[in-house]
Amino acid sequence: MTELLSLPFMQRALLAALLTGLMAPAIGTYIVQRRLSLLGDGLGHVAIAGVGLALITRQAPIPVAVAVCVLGAVAVEILRQQGKATGDVGLAILFYGGLAAGVLMSGIAGAGAGALAQYLFGSLTTVTGSDLTLVGVLALVVLVPAIGLAPQLFAVCSDEDFARVQGQPVRLYNLLIVTLAAVTVTLAMRTVGLLLVSALMVVPVAASQNLVRGFYATLGCAMAIGVLVSVGGAAGSYFADTAPGALIVVLAIAVFAVSWPASVLLRRRRSAELELPELPESIEDEELVLPHVKADSHEHQHYPGCGHPYVQHGDHTDFIHEGHRHAQHADHYDEH
Amino acid sequence: MSNIPTSTVPTNDVLAAADLSVELGGLPVVRGIDLRVGQGEAVALMGGNGSGKSTVIRALLRLIPSQRGSVRLFGTPLSGFRDWSRIGYVPQHSTVTQSTAKVKEVVSAGRLARRTPFVPMRVTDRAAIADALTAVGIRDRAGHEMTRLSGGQQQRVLIARALAGQPDLLVLDEPTAGVDLAHQRILADHLAGLVRNGTSVLVVLHEVGPLRGLIDRAVVLHEGRVIHNGPLGNLGEHYQGRHEQEESTVDSSWLGGTVEP
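Protein sequence lines correspond, in order, to chains X and F.
Residues in the first sequence are numbered from 0 upward in steps of one, following numbering that gives the first Met the number 0.
Residues in the second sequence are numbered from 0 upward in steps of one, following numbering that gives the first Met the number 0.
Same shape as in the complex, but just chain X:
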């Protein structure tokens, strides 16, 4: 491990992975809330055109790809706001056009389609010092609004009309979200790669939704998972000698797979805090007569902690199993 940290290129790669792991799930939380989970994938394809353009013009790939991807994202969002991109077809043409243009330009530049591979799935050895500086600066540009404007962006993503009536600049915030997504996708090309980055935007958020409750908790937990799998995947890929993107995404999906049974367990524990649908007091005026229904033969003796979820029901406790609510009454149980 110390050997790993003493290698300058690995230091740069791990730092880049750390920043990507923070950024992608942060912006991904908004993207998932807006139900645009595949937007990151499309933007990755547009960024490939940016890489192709950089190869042709012999510029550094990250700045050119950022510019191209942001332009593409803004164009898509403006078309969406004008109601012209409601169909998937327009988006598909733009996104696959980006991929095709990238491969074509890469070929014309004499680099061949193979030169693109390091951008598609990440490549640890290619993170230069100037790349890292740019990633660091742009990570701030992404994270400051993604966290600082969380209440505003959450409102816009969850209910656009209401946000508008609250006087929020909804169009501006929507443009901001896709722009930040475009920047994040492009910066991830050195670590997760352009084809897999969308997974790092979506999978940690999905895992986080299984593990914690609420929007802000989801945001924080997703960022923690993102950092864990990005740094873990980047370090692991050094030993496994694979493209880092593949291992990062496999790890993210592993976390998601574990979060599934974890969510079931958490939910079971929470069911101890079950509450009955509230009955307003005024309902009592309405002369509600509850029928007395005896439960079928019942061997098991309920007690708090017997393993069955229970709820407080007025002056007694109901135990819940097999879709019945049982309350003790003299020597038998009643159906409540």
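Source of the hints: derived by calculation from the structure; they are not laboratory data.
Hints may contain errors.
Unchecked claim - Computed, partial: chain X to chain F, Cβ under 10 Å:
| id | residue |
| --- | --- |
| 1 | 36 |
| 2 | 37 |
| 3 | 158 |
| 4 | 215 |
| 5 | 219 |
Said to hold, decoys possible - Computed Cβ-Cβ distance ranges for the label pairs, DEER-style:
| id | chain 1 | residue 1 | chain 2 | residue 2 | range |
| --- | --- | --- | --- | --- | --- |
| 6 | F | 150 | X | 2 | 31 to 37 Å |
| 7 | X | 132 | F | 78 | 41 to 47 Å |
| 8 | F | 24 | X | 295 | 57 to 63 Å |
| 9 | X | 306 | F | 23 | 54 to 60 Å |
| 10 | X | 306 | F | 147 | 52 to 58 Å |
| 11 | F | 23 | X | 80 | 17 to 23 Å |
What the hints assert, rightly or not - Simulated coverage check for chain F against chain X, where a stretch passes if three residues somewhere in it have a Cβ under 8 Å from a Cβ of chain X:
| id | region |
| --- | --- |
| 12 | 29 to 42 |
| 13 | 49 to 62 |
| 14 | 111 to 117 |
Just so you know, even glycine gets a beta-carbon here, dropped at the ideal spot from N, CA and C.
Starting from the structure of chain X, add chain F where the hints point.
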């Protein structure tokens, strides 16, 4: 922030629409209606399905464009209106109901018009959110996920979100749909208290129900036109829109406000 209406126009109308016409997909849905809500007044907007109630509301709040007419909010023309913290909106449907956000997080969106970006919530914001949750009787569920609530509970969260902004004008689009009678009464009492303190209310209703005592005036729409503007009187308690009847002329009994239930 203040409850004193701006005095750019001589009247104290918090909302005034004149000759408002809205088309949806080229079809005229709202046809030259006049609508005003005075300060401290509670106005019900009624009518059958497709009579244009929600469209009027959405045009008044600039959520959809209008083809003709003028709208003033607190005396300011709609295009120049910026004082959105004075308006609380309860939409008929909201995508936020499918969110995994907590109830408290959803309601806190109602404070946005009063907050500055990048500045955390203040004590007054938190107090207003707690009050709004209490007002609709859902404070004990503040930490619950929105998706796990029943439809009526979600509706009450949307009402709390609008109340949290402590608005001077509440615009509610069928706020009682799916809410049980007991909670409709709680809501009616709370709204009545707000109206007594000078809050104005414009509420779309399909059935008057427990909100009857609150309503000062009813405006009834039929095929995008106003066919009644006056006291609720004996408009049916269970007012049913006659969307199934193809009437080209307005039934004279409607103008007198004598609709059989």
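Going down the list of hints, with the structure as the test:
The restraint placing residue 36 of chain X at the interface with chain F is violated, with a minimum CB-CB distance near 14 Å, outside the 10 Å limit. The beta carbon of residue 37 of chain X is not positioned within 10 Å of any beta carbon in chain F (closest approach about 18 Å), and the interface hint is therefore violated. A distance limit of 10 Å between C-beta atoms decides the matter here; for residue 158 of chain X the minimum to chain F is near 4 Å, and the interface restraint holds. The criterion of a C-beta within 10 Å of any C-beta in chain F is met by residue 215 of chain X, whose closest approach is roughly 7 Å, and the hint holds.
Evaluation of the residue 219 of chain X hint against chain F yields a violated restraint, the C-beta minimum of about 13 Å exceeding 10 Å. In this structure the hint that residue 150 of chain F and residue 2 of chain X lie 31 to 37 Å apart at CB is violated, the actual value being about 59 Å. Roughly 45 Å separates the CB atoms of residue 132 of chain X and residue 78 of chain F, a value that falls within the hinted 41 to 47 Å. Taken as a hint, the range 57 to 63 Å holds for the pair residue 24 of chain F and residue 295 of chain X, whose Cβ atoms sit roughly 58 Å apart.
The hinted window of 54 to 60 Å between residue 306 of chain X and residue 23 of chain F holds, with their beta carbons roughly 56 Å apart. Roughly 23 Å separates the CB atoms of residue 306 of chain X and residue 147 of chain F, a value that falls outside the hinted 52 to 58 Å. A C-beta distance of roughly 18 Å is found between residue 23 of chain F and residue 80 of chain X, which places it inside the suggested range of 17 to 23 Å. As drawn, the region 29 to 42 of chain F meets chain X at 0 residues by the rule of a beta-carbon pair under 8 Å; below three, the given contact is violated.
As drawn, the region 49 to 62 of chain F meets chain X at 4 residues by the rule of a beta-carbon pair under 8 Å; at three or more, the given contact holds. With a threshold of 8 Å between beta carbons, the proposed coverage of the region 111 to 117 of chain F by chain X holds, since 5 of its residues qualify and at least three are required.
When the structure is compared with the earlier hints, violations turn up for hints 1, 2, 5, 6, 10, 12 and for no others.
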